[in-house]
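Chains as they are written, first to last, in numbering that gives the first Met the number 0: chain X, 0 to 422; chain P, 0 to 311.
The hints are simulated quantities; they were obtained by calculation from the structure and are not laboratory data.
Careful: at least some of the hints might be erroneous.
What the hints assert, rightly or not - To give an idea of the interface, some chain P residues facing chain X are shown, with a C-beta separation under 10 Å as derived from the structure:
(1) 85
(2) 98
(3) 107
(4) 127
(5) 190
It should be emphasised that the depicted structure is a prediction, and the values quoted were computed from it without experimental measurement.
Heads up, the beta-carbon is just placed ideally off N, CA and C, and yes, glycines get one too.
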Amino acid sequence: MSTVIKGGLVIDQTGERTADVVVDDGRIVAVGPDLSGDQVLDASGCVVSPGFVDLHTHLRQPGAEEAETIETGGWAAVRGGFSAVVAMPNTNPAIDCAAVVQEVLLLGSQAPCDVYTSGAITVGRKGEQLAPMAEMAGLGVRLFTDDGNGVQDAGLMRRAMEYAAGLGVVLAQHCEVDSLAAGGQMHEGEWSSLLGIPGVPAEAEELMVMRDIALSRFTGAPVHFQHLSTGGSIAMVRAAREAGLAVTAEVATHHFTLTDEACASYNPVFKVNPPLRPADDREAVREGLADGAVDAIATDHAPHSPDAKEMPFDQAPPGMLGLETALALALTELNLPIAEVVGLLSWRPAAIAGLNGTHGGPIAPDAPANLCVFDPDEEWTVDPDDLASRSRNTPYAGRRVRGRVRHTVVGSRPVVVDREMRP
Amino acid sequence: MKHLLSINDLGAEGIDEVCRLADHFTEVSQRPIPKVPALRGKTVAMLFYEDSTRTRLSFEVAARRLSADVMGFGVSSSSVNKGESVRDTVNTISAMGPDALVVRHRSAGVPHQVAGWTNASVINAGDGWHEHPTQALLDCYTIRDRLGSVAGRRIVIVGDIKHSRVARSCVMAFTAQGAKVTLVAPPTLLPPALDSWPVDISFSLDAVLSDCDVVYGLRVQMERQSEALLPSLREYTARWGLTAARAARMNPGALVMHPGPVNRGVEIAPEVLDRPNATLNEQVRHGVAVRMAILYLLLGADPQPRPERDQA
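Kindly produce the complete structure, drawing on both the sequences and the hints.
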């Protein structure tokens, strides 16, 4: 059964034009004026873009199904306009071998979006022994990270980069030097001092960014920096790119939206790793997105059960929801042209994840039909009880935002229609 | 005022009011029967998640002298040992209808969280490194009692400022009352980014000792050595300890204060503690009157029904 998306402004990496889009049997059939199909999705006043790609999603399965499952996380993704997510490997057990990769991909095949997974760099994400990356790459894994932990040992990271380069896969780093960050629960600075909460200095992130840029220069291997949060990190990545190194970077929505002052509420919903930083860093993150130093917006969607987020601040786990609010926050907070926001959410992360050709456009006949239709002007209020995620730990409850996903199409199937999930 | 979570909840005028009430309750405490019916029928629950001798006893005595009923709660003898969350414990205790919860926890911010989960008044009895407001109030009261006022006094706080909830509350309380506060510690025991704090900083006790009205010592814990914050306690004492020799260089009449418990011979020499200008026992005594004042302020003066709090 064909579907026509009518009357929208089509935006992809080739430009923008008003056109109808017909999809059927997994593919885009036609793009042009006055098209018809078996069912109609109204897109008047809306943007029709490639479906978004999240480089950084915690789906929590296997191991923490009380917080999220691959299915519920998948619904959160498509409600946020994402047609593809890359699952992080800090599950229990960790995604560090073919068996767990296969389990995640099998569960992912039932999810409403396309589920890809990263693999761990080291066994158990312990930073001691290389995980079987070739075995996982053979199953399609393209991004490797110990996310949640940075690889502390420089010698091990060097070998991991060399080995990964031989497989044609990319290493992604959660940059955090443990010996500086140890015990820290929020950004170390004026607010942590006032609140009496142990801090994580910006330098805990920046030292590892510095080290891995040096290792990339040394080995020639590409490195992707995850959820950068400080001005120093952004500046180093910008300089490394200008020097021609194979360095890419993502930032998380909360790091261009919130600051460490939010922790003054002692509400652990504002606890995240890397932590919320001061306004200067938030500004640097925004500048990095505007000038191209940063490639992609990632959600770092990190569901936690209500019980976990009612613990004392220093005992609660870090992380916040992000999939269902990412587009709106980018449109509301960044002051960038819509096409740039779409690029930061779709074709640019798709390229890093090795998904171009499948996700991220272009919107043209015969391309895979993974699409997002959103109203860039609709204002709405974030309501934790109106989220598809199994968890409720959004830091944006009650926040007025602009820009809302209306329909999401994955493999030509409309999985979200007028914001309603279509199982 | 509904809760006492931070000294900032009181401000300068609030501190004055507490001290005025404490004067009255000091007089009460000196009566043959040191008890008034001000809070008869009220219930004060103690939620102490961390060991405490003086603060807990002081609150209990204060509540009883006001004729309030006291619900005790010790972590070691409760279902917290069975893994009950703070919220569930607060819900359970709240269901018994206490009027105030006195909360101590090793994590900063727990009293703030508890205040969102109960209809009772919440009193912060010490949360992590954050605040210990009733300690700062009894210290203000002690300084007023000894020196006449806090305003204009030069107060040196020396020791492990970084990990001290007493230091944070005292800085706010003393400066709100118009004192000039100098923090003295090795840089490793100072919090980061102090530019916005209304204090002077010194790394040398000797440099500020002869020019102050109060030396307020803080406890230094053994584990600071293993965290690479101090080479040794011996070195700490040599440079930042209030030794007899240093005490001899203080102004006559200048006070030696400490929130207790003291590591004798580490932050303050034993013979200094025994001098008449050391106020440690007075601080404890004043603690009862000040806590009576706080309980009265939160529970006694407000006859109207308490509004329902948003449980979100």
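Now the hints, each set against the structure:
1. Given the 10 Å rule on beta carbons, the hint for residue 85 of chain P holds: about 7 Å separates it from the nearest Cβ of chain X.
2. Annotation: residue 98 of chain P was flagged as interfacial toward chain X, and the flag is violated, the nearest CB pair being 23 Å apart, outside 10 Å.
3. At about 4 Å, the closest approach between the beta carbon of residue 107 of chain P and any beta carbon in chain X falls short of 10 Å, and the interface hint on this residue holds.
4. Nearest Cβ of chain X to the Cβ of residue 127 of chain P: about 5 Å, under the 10 Å cut. The hint holds.
5. The beta carbon of residue 190 of chain P comes within 4 Å of a beta carbon in chain X, closer than 10 Å, and the hint placing it at the interface holds.
Taken one by one, the earlier hints fail for this structure only at number 2.
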